[in-house]
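**Student:** So you can see what is in the structure, the chains are spelled out below.
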Amino acid sequence: MYKYDQYDQAMVDARVAQFRDQVQRRVEGHITEDQFKPIRLQNGLYLQLHAYMLRVAIPYGTLNSRQMRMLGDIADKYDRGYGHFTTRQNIQYNWIKLAEAPDILADLATVEMHAIQTSGNCIRNISADHYAGAAADEIVDPRPYAELLRQWSSFHPEFLALPRKFKICVIASQTDRAAMKLHDIGIRLVKNDAGEIGAAFYVGGGMGRTPMIAPCIREFVPIDQLVTYSEACLRVYNRYGRRDNKFKARIKILVHELGKEEYTRQVEEEFAHLQTLNIEPPLAELERIKAHFTDPPFDAGASDELDLSDPDFALWVERNCHAHKQPGYISATVSLKPVGGIPGDASADQIRLMADLARDYSFDECRVTHAQNIVYPHVRKADLYALWQKLDEANLGIANLDRIGDIIACPGLDYCSLANARSIPVAQKISENFATREEEIGELKLKISGCINACGHHHAGHIGILGVDRKGVENYQLLLGGCEGDDTSLGQITGPGFDEDGIVGAVEKATDVYLANRQGGERFLDTYRRIGMAPFKEALYAPKNEIKGEPANG
Amino acid sequence: MVEPQFRFRDDEPAADPAVTVDNFGEQTNAAAVRLEPGDDARDLLPYLDRIRLVEVNFPAFTDGRGYSAARILREAGYTGELRAVGDVLIDQLFAMRRCGFDSFAPDAALDPTHAEAAFKVFPEVYQPAADGRNPIWKLRHGGGN
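Chains as they are written, first to last, in the working numbering: chain A, 155 to 708; chain B, -6 to 138.
For reference, chain A alone in the conformation it holds in the complex (with noise of 0.2 Å):
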């Protein structure tokens, strides 16, 4: 993976000795909290119900052991010995002292860390495939490109006061485990009809209020322009995008406003422009990027075979680990997701033991994934019990990746100021609800937000969950039949909300509909594309009287 130097280091220690100054001018009353506030954001840091919140960078969710042990390190010694892995492959601290927070990001960056634009109007820390230089069904390992990308949006003059928020994410394969198409820009690397490399650019999606599914603007941009045709479409949404309404400014909105045709015409118009200045590193710094992302010194001869005697294991084989690349390996995910937890959440100790383990079976290296669980890219299989056995003593050995369970959810409104609802006591019951049922139900992704601003990614779940604030009483609204995969899809608000222990029996009724109509192997999200909604309102809605009734055609 990559490795800092002496650049990028001097780099992060500028920025730590600059954000120490600049607490420093605050505690003085030379810096007005207002004036105070984007400078925090942009290094992490957000004032919150109870405390400031720190959001650590993880570039592209990769990390080290070195890196993970340090993460558990600050958990203890900083916060109140957990952390909170997000949906943006990134860990936040919920107990910040603001004082405290110049020494964090010393920390951070002795073990080439740091929390540069987790916040703020500006490029954010760029995300991208968990199984990034593993997976077998991608074309080329996108971090190096995401690494290219993430130094050229570090401190970029133009950028840093932007309409609204900014997200990339880089992907290399068909098959989209990063919900590429929901991202302000959406990389998808693609090989053309002569084998070169270049990028798909998807423009203008997003979550939030206004959820929208990013449009391609162009299927090939040389990979010798990556830099140049990101910062051609920053210039037109800086210049352009809405600063009359926060609610507006994101550039899924400037895009939709415009049209995907005229939109796409200005940026090719300052792209133009932009090659004419040579603004685009040179391919030797790709190659020097890519030299660290080369893989592991695998095992040539590791073996293919398992031993699946274990049913509890055997089942965590088959729900959590994915297709290596290489023959006798296997990425394993740890799910963060026990059941009644706290979705994303770990202990410093499981952090560090998390850590030990990526160094102990996985070339010491580990990744944040977007669904807030973490992953072990290279694993031999002659190991995988082993590993399992360590994870399970943790209580970190659940086998529920992709299943109700497996809920995503935002911290809500027992941390966030934005929050409208709770989030967590309502996976919590969820979890707890269907924790004997995982098997029956299939994969069914369940998504919860805390409020409009969707961090829990609702629109995206296979069942999604808002939270809302309905005349000062939680209220939560149902929506089905989103996906951020390949076939991305927006759910749909089934209808009126439901109160937190109504919404736990909402979701009863619609998996009740779906076990009802399921043909052959079908998840929950394919019956829901066949049969439509109204068979699941009919069951929610339905006079009280009538609420067994399941449809006649079951």
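No wet-lab data here; the hints were simulated from the structure. Keep in mind it's a predicted model, so treat the numbers as computed, not measured. We put the beta carbon where it would ideally sit given N, CA and C, even for glycine. Keep in mind that the hints are not guaranteed to be accurate.
[Stated by the list, open to error] For lysine to aspartate or glutamate, the following DMTMM-like pairs were computed, each having C-alpha atoms within a straight-line distance of at most 20 Å:
(1) A/Lys583 x A/Asp655
(2) A/Lys535 x A/Asp453
(3) A/Lys157 x B/Asp56
(4) A/Lys400 x B/Asp56
(5) B/Lys113 x A/Asp453
[What the hints assert, rightly or not] Anything over 12 Å on all C-beta distances counts as not near chain A; from chain B, calculated:
(6) Glu(-4)
(7) Val12
(8) Asp15
(9) Glu19
(10) Asn22
(11) Arg43
(12) Ile65
(13) Gly73
(14) Tyr119
(15) Ile129
(16) Arg133
Following the hints, position chain B against chain A.
**Tutor:** This is chain B only, laid out in the frame that chain A set:
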């Protein structure tokens, strides 16, 4: 006409008051113009040879359109004075300088010591902009100084 607090030029400042972009086209002898965030900097490109001062106004420091305006002017070869005016703060100076601003007239005077440090807060830069600095990739692969 706003007096700059910081100026990185040796020539005499333009004495004329800056006119709006709308008026600029008509006043053929004007040499100073003021860009508001909603103005298109490219409207000035036909007149660059007679402009000595462009003031780019930042009514709020959170509105970053002026950064693009500055770069566009420099990219088009404008060499006259480019002045950031309005809600210009210490922690914006570095990025503004990179985008081509060479004079600064903040609404509220800035602490000169803090400002001096802010202009050189980063030892290197990751990307080319309008200040002629070599990006880190150039230093890595030769061609830097």
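**Student:** Within a Cα-Cα threshold of 20 Å, do B/Lys113 and A/Asp453 meet the stated pairing?
**Tutor:** violated (49 Å)
**Student:** Take a quick look at B/Val12 and tell me if its Cβ sits farther than 12 Å from every Cβ on chain A, holds or violated.
**Tutor:** holds (22 Å)
**Student:** According to the definition I'm using, a residue is off the interface if its beta carbon is farther than 12 Å from all beta carbons of the partner; does B/Arg43 meet that for chain A?
**Tutor:** Per Cβ check, B/Arg43 is outside 12 Å of chain A; nearest 23 Å; holds.
**Student:** Below or equal to 20 Å on CA atoms is what counts here, so check A/Lys400 against B/Asp56.
**Tutor:** holds (12 Å)
**Student:** For the pair we were handed, A/Lys157 and B/Asp56, check the Cα-Cα distance against 20 Å.
**Tutor:** Distance of about 35 Å is beyond 20 Å: violated.
**Student:** May I ask you to check that B/Gly73 keeps its beta-carbon over 12 Å from the closest beta-carbon of chain A?
**Tutor:** Given that every Cβ of chain A is farther than 12 Å from that of B/Gly73, nearest at about 20 Å, it holds.
**Student:** Could you let me know if the closest chain A CB is still more than 12 Å away from the CB of B/Tyr119?
**Tutor:** violated (5 Å)
**Student:** Between A/Lys583 and A/Asp655, is the straight-line Cα distance small enough, at 20 Å or below?
**Tutor:** Distance ~8 Å between A/Lys583 and A/Asp655 Cα, so the pair holds.
**Student:** Any Cβ of chain A at or closer than 12 Å to B/Asn22, or is the non-interface label fine?
**Tutor:** holds (29 Å)
**Student:** Straight-line Cα separation of A/Lys535 and A/Asp453 no greater than 20 Å?
**Tutor:** holds (11 Å)
**Student:** Taking 12 Å as the cut and beta carbons as the points, is B/Glu19 off the interface with chain A?
**Tutor:** The claim stands: B/Glu19 keeps its Cβ more than 12 Å from every Cβ of chain A (closest is about 25 Å).
**Student:** Minimum Cβ separation between B/Ile129 and chain A greater than 12 Å?
**Tutor:** Its Cβ does come within 12 Å of chain A, the nearest being 5 Å, so this is violated.
The earlier numbered hints that this structure contradicts are 3, 5, 12, 14, 15 and 16.
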